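*Asks:* Kindly generate the complete structure, drawing on both the sequences and the hints.
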Amino acid sequence: MSRRKFLGCLTAALGATTGVRSIAHAASNKHFEGYPDSFGVLHDSTKCIGCRQCEKACNEVNELGSPEKPFDDLKVLDTRRRTDEAAYTVVNKFEPAQPGPKSSPVFAKIQCNHCQEPACASACFVKAFKKDKTGAVIYDESLCVGCRYCMVACPFNVPAYTYNDPITPKVTKCTMCHPRILEGKLPGCVEICPKEALVFGKRKDLIKLAWKRINEKPDNYIQHVYGEHEMGGTSWLYLSGVPFDQIGMREDLGVTPAPQLTSGALAAVPIVVGLWPVLLTGVYAIAQRKDKIAKEEKDAAVKEAIDQATDEMNKQLAQLKDKMTKEQQNAVANEVKKALEEAAKKAEAEAAAADGEGGSEDAPEAGKEDK
Amino acid sequence: MSQENKAIQPEPYNWFTPFNILTAVVLAVGAVLTFMRFTQGMGAVTNLDNNNPWGIWIGFDLLCGVALAAGGFTTSAACYIFGLKRFHSAVRPAILTAFLGYALVVFALHYDVGRPWKLPYPIFVSQGTSSLLFEVGLCVFLYLTVLFIEWTPAAFEWLGFKKLRTIVVRLTLLLTIFGVVLSTLHQSSLGALFMIAPSKLHPLWYSGYLHVYFFISAIFAGLSMVIFEGTMAHKWLHHKMDDTHLAEADGVVLGFGKAASFIMMGYFGIKVIGLAVDNNWHYLGTGWGAWYLVEMIGFVLFPAILYSVGAREKNLKFIRIAAAWTVLGIVLNRFNVSLVAFNYHLPAADRYFPSLSEIGITLFVVFVGITVYRFITAKMPILYEHPEYKDEH
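Quick note, the sequences are listed as chains B and Z, same order. According to my numbering, the residues represented by the first sequence are -1 to 369, in order. According to my numbering, the residues represented by the second sequence are 2 to 394, in order.
Bear in mind the hints are in silico, worked out from the structure with no lab data behind them. Being a predicted model, the structure only gives us computed values, none of them experimental. C-beta: ideal position from N, C-alpha, C; glycine also. Check before you lean on any hint, since a few could be wrong.
Derived pair list, reagent style DSSO-like, types lysine-lysine, alpha-carbon separation capped at 27 Å [claimed, not checked]:
1) B:K206 <-> B:K45
2) B:K288 <-> Z:K259
3) Z:K119 <-> B:K128
Here are a few chain Z residues that face chain B, going by a calculated C-beta distance under 7 Å [what the hints assert, rightly or not]:
4) G42
5) P54
6) W55
7) Y122
8) G129
9) L133
10) G138
11) L186
12) H212
*Replies:* This is the structure:
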């Protein structure tokens, strides 16, 4: 196996175990421009009259059941609403602080914006969301576990959940009428809109159209196409005569596509997987070595101590032996001397006695003492 | 030897202690709520809504559960990788707690996800590899397996499976390293989960370093939890401990307290750096800033100082208080990120507060954990060494 092949296998194995391969895009600095001929919808809020026909059409197309209040009841607009399982799109009414060229109020439609790089798709851990080449972000209920991380991730607060369904709860959101688009039809809301506040078309054409409208009537519009760059761009685009934050759209989202927000953290995966085992094995080896050296030093110290003690003892023993030998020798010498002296004395005494009486018993006694 | 005898010979057991009665009540209520959850849906028992898809079950059961179970990887790393053998007696209780902690996290997730029977999907059916939650899921799944294997020697000793035990014990170093890698990944990615929502999380809590913060705080959370839980165990399970465990216990408290104080000071430092990098100083003057300072000064700096004083003076009481305080601080931090500072831009009427039923399920999960812990420590050699395997390490 060549080195290149080996490294290739290694990378593949690493990728397979940690999922690095498929996040390569998320972790790279490549900017995804969206599918070239994808569609979108332009919502011109200056043309919207708040008739709620789009809500009605959406309800019918998606078979969402009869609403709490009929769609011709415009009092509903007095409270701010959001999308939920019963309404994939809603129109809200705003009374802006600085009225636009048209007298207030202003109506704004919300639904899934079908991001170019959707936060929900990036967040989903079973790939239940997919950015389709038509531009629609579509949801596959059969994969969804129901963790609702997509709802946490969506910067536009769009996905909703069927909390009261115990068996088959699901995420609900606008589909951009994906099935209808495939049939060559318009999305329900676009088709029904009586004021042409909604325009369906290719996204790139819609951006041109939006800027054309702005440039033709610059006093009527804010100089911004909302959705052109927000969160990396969305398939739904908006025009407004008043600042967008006054019609319920956040202007602080930035232009960073959602996947890039987490790509740094994901890029840490291969680093940790590659680096930690090496580092930790090293730490382990150092700890082992430290222990081993400590043990060796201890053993050496103990051995030295024992050796020293043994030496000392041997020395003392030798000295003692010496001393004892000397003492013994001295004692023997003394005894011999004493015995000799005694013998000499006795001999003298005997000689003296022999001079007088004679007879002797002392000699054997001296022999006894020698023993 | 007296401890072992006590562990083996059951004394006449009094079932009607106040704690047992409380446990029974909580488990009974939990059973009722469980029935409601799985027959009427999540809406029947939770205050979750479309703006607030994650509540206390994610904020406490998952985020805090995983952080507080970090004692498993920190303790085993200290003992087996860094070679600090004097902490050996703390390893088994820590591994057991971590294993139970993670098992409970997975258990609690069954309540929180819509279709729990699909929980294996992200690993076996459709891998959403661009998701931080995928990383969390995969790592938790693998780490739970690792913790289970790391825990089995205790069970094998109890059951008398000597050969199996020997095989698993030989794998200790490998499992420990694997455990540290997996813990690093999922502890940090729990924080990184929120990095996809910069527009929803208050700037004082949102940071490009969120994953680093979560990982570092998990380390001292784990150390604190080992001390805290050891204190509890000493109070109620003293009779189960052998002489080695008792002799080493104070050293574990001192050593872990000292380590925690260092790491918490470092954590405080990198949090300040994060504040400076994002230039968020001006938020400190707001109400959110006050709450942020409560967390940072009251629940990071204060316990860090208490830990260091305790470690210097060899004051075990200080360290134990600091440990409990830090555990509270971690819970506070995870709540702030996932619940309090999350959706800060929404009007008060749209904010989330957990329902009684949600709190009930969370208590239920905690008590299931305590009950299983009590069962295992009563039966298996966790707080003492099995007489047949003494002096092996």
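*Asks:* Next step is simple, just say for each hint if it's right about the structure.
*Replies:* To see whether the hints hold, each was checked on the structure:
1. Under the criterion of a C-alpha separation no larger than 27 Å, the hint pairing K206 (chain B) with K45 (chain B) is consistent with the structure, at around 18 Å.
2. For the proposed pair K288 (chain B) and K259 (chain Z), the alpha carbon gap of about 21 Å is at most 27 Å, so the pair holds.
3. Proposed proximity of K119 (chain Z) and K128 (chain B) is supported: the alpha carbons are some 19 Å apart, at most 27 Å.
4. Taking 7 Å as the C-beta contact cut-off toward chain B, the hint placing G42 (chain Z) at the interface holds, the least distance being around 4 Å.
5. A cut of 7 Å between beta carbons decides the hint on P54 (chain Z): the least distance to chain B is about 4 Å, and the hint holds.
6. With a cut of 7 Å, the hint placing W55 (chain Z) at the interface with chain B holds, because the nearest CB-to-CB distance is about 6 Å.
7. Using the Cβ-Cβ criterion of 7 Å, the hint placing Y122 (chain Z) at the interface with chain B is satisfied: the shortest such distance is roughly 5 Å.
8. Among the interface hints, the one on G129 (chain Z) holds; its C-beta lies about 4 Å from the nearest C-beta in chain B, closer than the 7 Å criterion.
9. Annotation: interface hint on L133 (chain Z) holds; nearest CB of chain B at approximately 5 Å, less than 7 Å.
10. Checking G138 (chain Z) against chain B by beta carbon gives a least distance of about 6 Å; that is within 7 Å, so the hint holds.
11. The interface hint given for L186 (chain Z) holds, since its Cβ lies 6 Å from the closest Cβ of chain B, which is under the 7 Å cut-off.
12. A distance limit of 7 Å between C-beta atoms decides the matter here; for H212 (chain Z) the minimum to chain B is near 4 Å, and the interface restraint holds.
Every hint from the earlier list agrees with this structure, and none is contradicted.
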